[in-house]
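Trainee: Here are the chains, one letter per residue:
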Amino acid sequence: MSRFKKNGKKEVPELNTGSMSDIIFMFLFFFMVITTMRESEAKVKFTEPTATEYQKLDKKNSYTVYMGEPTVQGAALLDNAVSIQFNDKLAASTTDEGLKTAVDEFVQSSRDASALKNEDPDKITYYLKIDNNTRMTAVNQLKLALRKKNALKIQYATKKEVKRGK
Amino acid sequence: MARKTPSINTSSSADISFLLLTFFLLTSNISSDQGIMRQLPKYAKDVKEMDVEVNTRNLLRVKVTNKNIVMVEGAKWTGENWVMLSDNRTGVNASNQANYGGDIDKLHELAYEFFGNPRKEPNLPDRKSTPIPEADFGNFDISNGVISLECQNYATYETYIKVHNELSRAINQLRDELSKDKYGKSFKVLDDSSDDTDKEKAKAIKKAIPMNISESTSN
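Which chain is which? The protein sequence lines are P and V, in order. Numbered by the numbering used here, the letters in the first sequence go through residues 1 to 166 in order. Numbered by the numbering used here, the letters in the second sequence go through residues 1001 to 1219 in order.
Be careful, since some hints might not be right.
[Unchecked claim] Lysine to aspartate or glutamate pairs mimicking EDC-like chemistry, simulated, CA-CA at most 16 Å apart:
hint, chain 1, residue 1, chain 2, residue 2
1, V, 1188, V, 1198
2, P, 159, V, 1215
3, P, 123, P, 58
4, P, 60, V, 1126
5, P, 56, V, 1150
6, P, 143, V, 1215
7, V, 1188, P, 53
8, P, 45, V, 1158
9, P, 59, V, 1033
10, P, 160, V, 1033
11, P, 56, V, 1033
12, V, 1042, P, 97
13, P, 117, P, 58
14, P, 159, V, 1033
15, P, 149, P, 97
16, P, 160, V, 1158
17, P, 59, V, 1192
18, P, 129, V, 1150
19, P, 143, V, 1192
20, P, 56, V, 1158
21, P, 129, V, 1158
[Stated by the list, open to error] Sample of chain V residues with no beta-carbon within 12 Å of chain P, all distances over it, derived:
hint, residue
22, 1016
23, 1035
24, 1061
25, 1082
26, 1113
27, 1129
28, 1130
29, 1132
30, 1146
31, 1181
32, 1185
33, 1195
34, 1198
35, 1215
For the record, the hints were derived by calculation from the structure and aren't laboratory data. Backbone N, C-alpha and C fix where the C-beta goes; we use that ideal spot for every residue, glycine too.
Let the hints inform the model, and build the full structure from the sequences given.
Mentor: See below:
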């Protein structure tokens, strides 16, 4: 019966973990390639409306405007307690005059940045991320300011609509 | 005397790359940005609002009220002045209204009929033969229809986008039909294509079926 006797000296062979880091590095590169860095942090809360007829945003030549309830204290409020954020910065003033200067500055800096990246500054898409419950007065104020600055190509941010039963 | 180099312990490199991985996972977003494209009209300094004379048959008025009820000028179809479309998804219910017309989904059907005017009805838009230079498209009878979208000040953005979505849907449907008819490909395929001739074709179709929406505000 000695055939079945266990050899007490035998140990579990050690796992070779040398290739583990390679595998994880491969994961890492995969994620780095398919993702993009967040360019600006939203300082306002917003839920995008849903839509079915959306188009993909051309990321290379687009600049974002956020509109919604601010998450930070002391933000300048528009009608219905919403704030506007341009790229990274919350608008400091929401009077017609203040908004106009903020939009002027935003459009100008976008055009400069676009020209630096060898893109056409006249073909910039202004990506508007606006909260569902925003009143149209505020939206129209922003649109009018953009129009005055001849920034005419806009895209309203929407989410994919979840299919609902008929 | 050659000294033996001690082997480097590499077990922690897996941990380090794990940390890097989690860092990139947290700071990046995979979701692609998308939305509804619109071209704003040029701002005219002297003219308060551009008053362009439009024949009544060529105009369809759509209104979003302060209470988020979407109203469509019904005279073209039912004889009622305004047909109300409620939005069941946001809980706004207009069923107690006398001339309740249905769900907001109906708007794209109405807009489709308006821009397409398949039966050449005299109260729906007429067409004007216009040459389209892109992609040797030739002449096309472009619809003269304009949708006038009036938004009251206290309407919410959500309803506004829904209306835009429905209007886009109607236009996309018409463009798709024309594209399949003429080129045998769907419009989306042509528009997303990286091929230059396909892009030119998409441009021609966009010109043939323009998105004519004029917006205004009111109290």
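Trainee: Hint by hint, note whether the structure agrees.
Mentor: To see whether the hints hold, each was checked on the structure:
no.: 1; hint: V/1188 <-> V/1198; in the structure: holds, 11 Å
no.: 2; hint: P/159 <-> V/1215; in the structure: violated, 23 Å
no.: 3; hint: P/123 <-> P/58; in the structure: holds, 10 Å
no.: 4; hint: P/60 <-> V/1126; in the structure: violated, 40 Å
no.: 5; hint: P/56 <-> V/1150; in the structure: violated, 27 Å
no.: 6; hint: P/143 <-> V/1215; in the structure: holds, 11 Å
no.: 7; hint: V/1188 <-> P/53; in the structure: holds, 11 Å
no.: 8; hint: P/45 <-> V/1158; in the structure: holds, 15 Å
no.: 9; hint: P/59 <-> V/1033; in the structure: holds, 8 Å
no.: 10; hint: P/160 <-> V/1033; in the structure: holds, 10 Å
no.: 11; hint: P/56 <-> V/1033; in the structure: holds, 6 Å
no.: 12; hint: V/1042 <-> P/97; in the structure: violated, 20 Å
no.: 13; hint: P/117 <-> P/58; in the structure: holds, 14 Å
no.: 14; hint: P/159 <-> V/1033; in the structure: holds, 9 Å
no.: 15; hint: P/149 <-> P/97; in the structure: holds, 13 Å
no.: 16; hint: P/160 <-> V/1158; in the structure: holds, 14 Å
no.: 17; hint: P/59 <-> V/1192; in the structure: holds, 15 Å
no.: 18; hint: P/129 <-> V/1150; in the structure: violated, 22 Å
no.: 19; hint: P/143 <-> V/1192; in the structure: violated, 27 Å
no.: 20; hint: P/56 <-> V/1158; in the structure: violated, 19 Å
no.: 21; hint: P/129 <-> V/1158; in the structure: holds, 12 Å
no.: 22; hint: 1016; in the structure: violated, 8 Å
no.: 23; hint: 1035; in the structure: violated, 4 Å
no.: 24; hint: 1061; in the structure: holds, 17 Å
no.: 25; hint: 1082; in the structure: holds, 19 Å
no.: 26; hint: 1113; in the structure: holds, 18 Å
no.: 27; hint: 1129; in the structure: holds, 28 Å
no.: 28; hint: 1130; in the structure: holds, 23 Å
no.: 29; hint: 1132; in the structure: holds, 22 Å
no.: 30; hint: 1146; in the structure: holds, 18 Å
no.: 31; hint: 1181; in the structure: holds, 20 Å
no.: 32; hint: 1185; in the structure: holds, 17 Å
no.: 33; hint: 1195; in the structure: holds, 17 Å
no.: 34; hint: 1198; in the structure: holds, 16 Å
no.: 35; hint: 1215; in the structure: violated, 8 Å
Hint check: violations occur at hints 2, 4, 5, 12, 18, 19, 20, 22, 23 and 35; the rest are consistent with the structure.
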